Each structure stands twice: as C-alpha cells, then as structure tokens.
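Residue numbers (this note's numbering), protein chains in the order written: chain A, 105 to 391; chain B, 105 to 391; chain C, 105 to 391.
Just to be clear, a hint being listed does not mean it is correct.
Over 12 Å on every C-beta distance to chain A, these chain C residues come out as not near it, computed from the model [said to hold, decoys possible]: (1) 110; (2) 141; (3) 157; (4) 163; (5) 164; (6) 213; (7) 221; (8) 334; (9) 346; (10) 369.
Looking from chain C toward chain A, a few residues come up when the C-beta cut is under 7 Å (computed) [stated by the list, open to error]: (11) 180; (12) 181; (13) 182; (14) 249; (15) 252; (16) 254; (17) 255; (18) 283; (19) 284; (20) 286; (21) 288; (22) 289; (23) 356; (24) 357.
Calculated from the structure, these hints are not laboratory results.
None of these values were measured; they are calculated from a predicted model.
Just so it is clear, CB atoms sit at the ideal spot from N, CA and C, and this is done for glycine as well.
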Amino acid sequence: MKLDHEKLQEYGKFLLTIKLFPYFDIAHYILMCLVVREDIHLYQTSIPNFHKRHPLACYMSSMLLCFGGPMVTHFLLGEPILDDFKTHQNLLIASVVWYLVFFSPFDLFYKVVKFLPVKMVLSACKELQRTRKIYDGVLHGLHLYPNSYVIIVAAGAMKGAGASFLTIIERFNRGLFLPNTGEFLHPSFATKGSILAAVLFTLERSKLIEVHKNLLFLCVAGFMMYVKLMSLFLKSFDPFIPFENLTAAVFFGGIMDALRRAKKSSKASTAPADDKKVTDVDSKKTN
Amino acid sequence: MKLDHEKLQEYGKFLLTIKLFPYFDIAHYILMCLVVREDIHLYQTSIPNFHKRHPLACYMSSMLLCFGGPMVTHFLLGEPILDDFKTHQNLLIASVVWYLVFFSPFDLFYKVVKFLPVKMVLSACKELQRTRKIYDGVLHGLHLYPNSYVIIVAAGAMKGAGASFLTIIERFNRGLFLPNTGEFLHPSFATKGSILAAVLFTLERSKLIEVHKNLLFLCVAGFMMYVKLMSLFLKSFDPFIPFENLTAAVFFGGIMDALRRAKKSSKASTAPADDKKVTDVDSKKTN
Amino acid sequence: MKLDHEKLQEYGKFLLTIKLFPYFDIAHYILMCLVVREDIHLYQTSIPNFHKRHPLACYMSSMLLCFGGPMVTHFLLGEPILDDFKTHQNLLIASVVWYLVFFSPFDLFYKVVKFLPVKMVLSACKELQRTRKIYDGVLHGLHLYPNSYVIIVAAGAMKGAGASFLTIIERFNRGLFLPNTGEFLHPSFATKGSILAAVLFTLERSKLIEVHKNLLFLCVAGFMMYVKLMSLFLKSFDPFIPFENLTAAVFFGGIMDALRRAKKSSKASTAPADDKKVTDVDSKKTN
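Pulled out of the complex, with its shape left as it was, chain A reads as follows:
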C-alpha cells in the first residue's frame, strides 16, 4: 500500500514536470481552432465558406481562444495583456495549427482530429495543459498577492478557463452576437472545474489542507481528463450537477419552495379545481 502511494506521487510529479511546450500546447490549439470552426458551422451557415471569405476574422478568433486564458489573467492582474507574445514560437505554432484546421488539402487534418480516438488523446492532453495552467496561475497569484486567496483563485481559474469568457468577444469578432450566453449564466464544466482546481491548489499551497502537491495534481488532472473524456461520449456530463442541486435546495430556497408547494397542494386538494390549476402552473414554473 505504501508503495502504491509513492508510485502515485511519482506519476503526479511526472505530470507536474513534463515539458508541455510543443505537443500539449498543440493539442490545446487544435481543439480551440476546432471550437471556432464548429461554432461557425453551427451559427453562421448563412455565410457559406465563412472561413475563406473572412480568414482574418477567423484567425483572430482562433488566436483569441488559444491565448485567451493567460490574457484574461494578465488583464485582471494589471499586466500587459500581450505579454505572452514576447516569444514567437507559440504564436507561430498556433498559426500553423489554425491553417491546418481550416485549410488543409482535402480537409484531411480536420477529418483526422475529428476522429474520436484522436480527439480523445487531444482532449486528455489539453486537460493536462489546462491543469498546469491553473497551477501556474495559482503560483503567479501567490507570488503577487501572498495572502489574497480571492485573487489567487481568480488568477488560477481564469488562466485555465478564461477563454470561455472571451467567447462573446470572439463571436462578435466574427459578426455574431448571441446574448443570453454569458459564461456565469450557464457555466461550463471547464469553468467550474477550473475554479475548484484553483481553490484546491490555493489551499494546498497555503498549507490549509495537508496533501502532497504531486498527489493533488494527479487527482485534479485525472478528474479533469475523466470528465472531459466522458463528455465526449455522453452529452452534457457534469459531475457537479448533483452538488449544485443540493446547494440550490439547501441555500437558494429549493426546500422552502418545495414546502410551500406541498402546503399549497395539500390546501388545493380540498379546494375547488380552479385554484389547483393555478398551483400546477406555478409548480411547473418553479421547477
């Protein structure tokens, strides 16, 4: 048993120190360009060959998602938001990836990366890269504001999931405006998971929970990968939903509403039919 624990720590250390630069970053860029391409397919069918007519808008949208997380963090921490373009390698690679995703001959690259086993590997890589970005963001936040947990968590979570908050700008850049799509209104798993991961890393780094950082990293990265892979098979797989429902029931009036409805319906059962109808409509609405 002791051995297993050590082995897990070693796996964690491996994931925490493995060089991300070319391969894991590429996986991230591929999936982000895919997001843009599929968003165009979904919402901008009225303009055929959108990516051929507006390659610049397409390119800028893709780059915004590729580098969005760190940019949002820089913005929140008052740093130059272009800071990550100091070196050219990442931008160059992302540009090549963008070109391949949108304009490869016979759409070969697109078809390959859409092939499920390939997409699974890419998604796993991307989630590892995300977890590392969150970890780096937490370290960066700790460095700047050692005791400000809120800022540390925000820096970590936004570095991991900031891109989803830029979707509105990215879409607007492509001439698409969808209100009612704020990230806080319908938070994706990536956002919620990033926030949780940032909280856990912050707690560990501040010695508020006692767990080895390697082990924690392994668990968080494993969890992120697991959920991502599951969501490739099952539509809208989100392990947070039961907890959210519980929270809603306990803190946000769910139980009170249920009690009120129960009381109303018990009254209604002795009341005339008209009242009952209203109650029914009411209970449907509150569900």
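Fit chains B and C to the given chain A structure using the hints.
Here is chains B and C on its own, set in the frame of chain A:
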C-alpha cells in the same frame, strides 16, 4: 456667526474621518444588490425565479456593482482591477448581504430594506460613502498625476459612479442586452453629481478655490444626500436639469433653433395652411 | 540620380521631424468628429437633432475616436489608458474642434471642412499624423520589448488604427448597436495600411531590411496619403485587394475551389439538366 461656521467645519471633519468600513459599506452593498434584484424584476420576468436558477450570474452581477467603481478607476489608471480584493472582509460582507437580499427566509430582509424609512437611512449612508470614495479617488489621482486635472477628475468621478458604467456588463452577465442605455446617453444624477463633486474636490485640493476641505465635503455630501432622498419621493428629481437646459440653449443651438422656429412660424402665419402643418411637426420634433 | 535620392531622404526627414502638435493633430480631430457626425446622420435619423439632445454622448464618442489609437495601445501594453490626458492641450483643442464641427453658427465650420479641397488637405495631414503615430508606436514597443516583433507591430498598428476598433464602443455609447461590423471582419484600408506600415518600420528598426528610415517614412507616408486621397474620389479604393485575392487563391483554397468547380461543371456538361442547376447555385454561393 463665527461659531456656526466652526461647527459646520467640525461636522464636515466628522463626515470626512468617520470610519466607513462596516456600516456604510453595508448600506452601499444592500442598495447595489437591490438594484440587481429590481432590474431582474423589471426586465427578466420571462424567467421566473431567475435568482434561484442562476445564483452565480446573480452573485457576479451584484459583486460587479458593489465593487464596480474602484474597479473602473483601477482600469483607467492601469492598476490591477482586482486590487480591492486583497483583503477578504469586504467581499465576505458583500456576499452575506447578497445572500440576505436574495434568499433571506420569507424574504424578510428584502421587505425590511424596501421599507421607506430604512431605505432613506441606507441611501443617506450610501451617498456619504460615495462622496468619500470620490474624495479618495481625487487624492489617489493627485498622488499619481499631480497636475493632470482631467485624470484626477476622472479617477474621482469613476470611483464614485463607475458602477453605473458597468450596468451594461452586469446586465449582459445576466443574459440581458439593452442597447440605447449607455450612461453617457442618459446620464443619471449619480454620474453628474460625482463628476461635479470630483471637479470641486480637485479645485480645492489644487488650491484653485479657497474653501476649507471640511466645509466643502460637508456641502457636497449634504447635496448628494439631499438629492438622493428627494428622488426617493419624487420620481426623477434632478437639480441639474435647469442648468442643462440653459447650457443647451446657450451653447448647443437651443436659442438659434428657437429663433429659427419663431421666424418660420411668423412666416407660416401668412402662408397657406399646408406649410404651417409641416412647421408644427418640425417644431414638435425639435422639442 | 544621387542628388534625387538625397533630396528624397531630406523630404523624409522633414516629414519625420516636423512638429505635429497643433495643426496636424487638429486635422485628425476634425476628421474624427466628422466621422461621428456622419455616422449619426447615417444610422440615427430616427432621433432628430441627436447631437443637440445628447451632447455628452456625442462628445465622449468624438473624444474616444480622437484619442482611441493611443488608448488601445496603452491597454494592450498594460499602461494607464488615460496616460495621454496628462497634459490638457490636446484635449482642449479636440474639445474646441468638436464644438465647432457640431455647433458652429450656421454650420459654417462643418460646411467648410466638408468642402472637397479642404477635406483633401485635412486628409493628407491626418495620414501624415497617422504614419508618425505608427512610427512612435513601433519605437515605444521596441523600447519595452526589444525582440518581440509581434508586440512591436501590434503597438505600432494599434496606435495608428486603434480608433477603428473602438467604433463598436463609440457607437454603443450613442445607443447604436450594429453587430457584423467587427474591424477584423471587414478590415478598412486604415487598419491594413497601419499593419503593413508597422511591419515595415519594425523591419527597418531591427535592421532586417536595409533602407534608410527617412526614405522608408517618406514612402509609407506618401502611400497612405495617396490611398486616402484616391478614396475621396473613388468609393472603396483599396490597393490591397488584388494581393488579398491572390493570397485567398493560393493559401485559402481559392484555386482548389476553382478546380473543383471546373471539374464539376465538366461533369455537369455531360450530365442531365437537374444536376447542372445545383452546380450553378453552388458555384454562385462560393463566389
């Protein structure tokens, strides 16, 4: 008479040095959460129980308004916009207030703070807090740019009224998009009052008007409170409107328009009826 | 021939060192205020006398365009975005220009600056000022990030053409929201020219192309002026379009599409009429 003057200065000094931290800030947070809650009631009736379905969006919107003023100032001055979350007390208190406003049992808290005398006290406290924020913003601007009056006034005014400029983001965050609601298009009294207060404080601090800072603070805070309290009783009470109309008449062509209309109508009185109608429609439009 | 070369260098040096402050800046402010005024005429006819009813929104919109380029650069480089208001002269002059453009007696000023020869002179001055701003932006970027060409180009290009990216905010400020008008979606010549100019200046400053800075400046400024003046006569004059079409054909699948269409239509000529119709529609769509 001398005594009275000293007494007023003392009152001003009291207002200028009283510790705002728990109580006055709480008043501000309560009123900001009320703004969000009432905006939901007004525009998002199509989603019943919005705050129970989207507590996160609701929370973020409320926090944005609670801390919006300083965030806008930080943004304009190139400082980290999360800077005010360095300590956790304020965020914690604002979160508790948010919870109470939206989810207190039997909506008791909401009903209490909506009760007019309570709301009057809260509004008075909030206006004092606003005036202090403007004063602090002016001092902060002076510290960074000692001779740049435009920046100093902007720093002060935005610290006091920046939240109203964030309404667009706050609403978008809740899935609501109302164009035609820009703050500069229909400036509220809070914005105009904050700008005036920032100008006065800047003039006093730069020794361009000779008045004691305590006395000036007392006058400005008193004026802000008076207008706020009046606007609770009278819908759209705004003491700036006569001055605006005067400015519009003198500088923005109001007098020229009136003369032109007068000339036209004197012509029209001798002209056939058809012309007159057109003139009438025209004059209605320009009013 | 040698003499001519030296003379050209001297012209370039003259353009590079001439004091821009009052006159060239004024030309820029006049044209920017004209942009706002004409945008109101074009899109906000439903509100007669918009500028008289909402002078504040009008003023803020104009100032945003007048000072937008440097503000965007400051934002991207993490500097205080209000930094250029440290001195008051520019803002004061821009304010006077704004007043004259919108509210001069009998609209005299507006009529004069709309007069084609006057507008030509103003446009030429403005393009020289733009080229200088791009040059300054490149120098500023080089100073901050000596080897980061992407950031240097972005700093230069945004200083020259950042205002066009603010049009969305400027319009929103006036209560107007036009999606589908992103600058990257339909880049104007100003944007594309500024990017090219920033690239050329960056190459020259980094000694990657061997050309004297005076000569390069003269060429770039001359080109910008030439295109601007031509576009006053010809609607939508853009010398980049042939290159864009070439790029689109070579890199963005234009040739592949043409081949595919050719193949399809050669097939269709031997196929029944029904197929042909579909092909026609298809080829129209892809054009």
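Evaluation of the provided hints:
Residue placement check: residue 110(C) keeps its beta carbon more than 12 Å from all beta carbons of chain A (closest about 37 Å). For residue 141(C), the shortest C-beta to C-beta distance to chain A comes to about 25 Å, beyond the 12 Å cut-off, and the non-interface label holds. Distance to chain A confirms residue 157(C) as a non-interface residue, since its nearest Cβ pair spans about 27 Å, more than 12 Å. The beta carbon of residue 163(C) is kept farther than 12 Å from every beta carbon of chain A, the shortest such distance being approximately 26 Å.
For residue 164(C), the shortest C-beta to C-beta distance to chain A comes to about 21 Å, beyond the 12 Å cut-off, and the non-interface label holds. For residue 213(C), the shortest C-beta to C-beta distance to chain A comes to about 35 Å, beyond the 12 Å cut-off, and the non-interface label holds. Against chain A, the non-interface label of residue 221(C) holds: every CB pair exceeds 12 Å, the least being about 35 Å. Its beta-carbon lying about 23 Å from the closest one in chain A, residue 334(C) satisfies the requirement of being farther than 12 Å from that chain.
Residue 346(C), annotated as away from the interface, keeps every beta carbon of chain A farther than 12 Å; the closest lies near 16 Å. No Cβ of chain A comes within 12 Å of the Cβ of residue 369(C); the nearest lies about 18 Å off, and the non-interface call holds. The restraint placing residue 180(C) at the interface with chain A holds, with a minimum CB-CB distance near 5 Å, inside the 7 Å limit. Evaluation of the residue 181(C) hint against chain A yields a held restraint, the C-beta minimum of about 5 Å falling below 7 Å.
At its closest, the beta carbon of residue 182(C) sits 3 Å from a beta carbon of chain A; the interface hint therefore holds under the 7 Å criterion. Here the hint on residue 249(C) is kept, as its CB sits about 6 Å from the closest CB of chain A, short of 7 Å. Restraint check, residue 252(C) versus chain A: the minimum CB separation of about 5 Å is within 7 Å; hint holds. The beta carbon of residue 254(C) is positioned within 7 Å of a beta carbon in chain A (closest approach about 4 Å), and the interface hint is therefore held.
Because the closest C-beta pair between residue 255(C) and chain A is about 5 Å apart, less than 7 Å, the hint holds. With 7 Å as the threshold, the beta carbon of residue 283(C) comes within range of chain A, its nearest partner Cβ sitting at about 4 Å, so the hint holds. Interface hint at residue 284(C): satisfied, since its Cβ lies 4 Å from the closest Cβ of chain A, which is below the 7 Å cut-off. Look at residue 286(C): its Cβ gets to within about 5 Å of chain A, closer than 7 Å, so that hint holds up.
Taken as an interface hint, residue 288(C) checks out: its beta carbon lies about 4 Å from the nearest beta carbon of chain A, inside 7 Å. For residue 289(C), the shortest C-beta to C-beta distance to chain A is roughly 4 Å, which falls under 7 Å, so the interface hint holds. Interface hint at residue 356(C): satisfied, since its Cβ lies 5 Å from the closest Cβ of chain A, which is below the 7 Å cut-off. Hint status for residue 357(C) relative to chain A: holds, with the closest Cβ pair at about 6 Å, below 7 Å.
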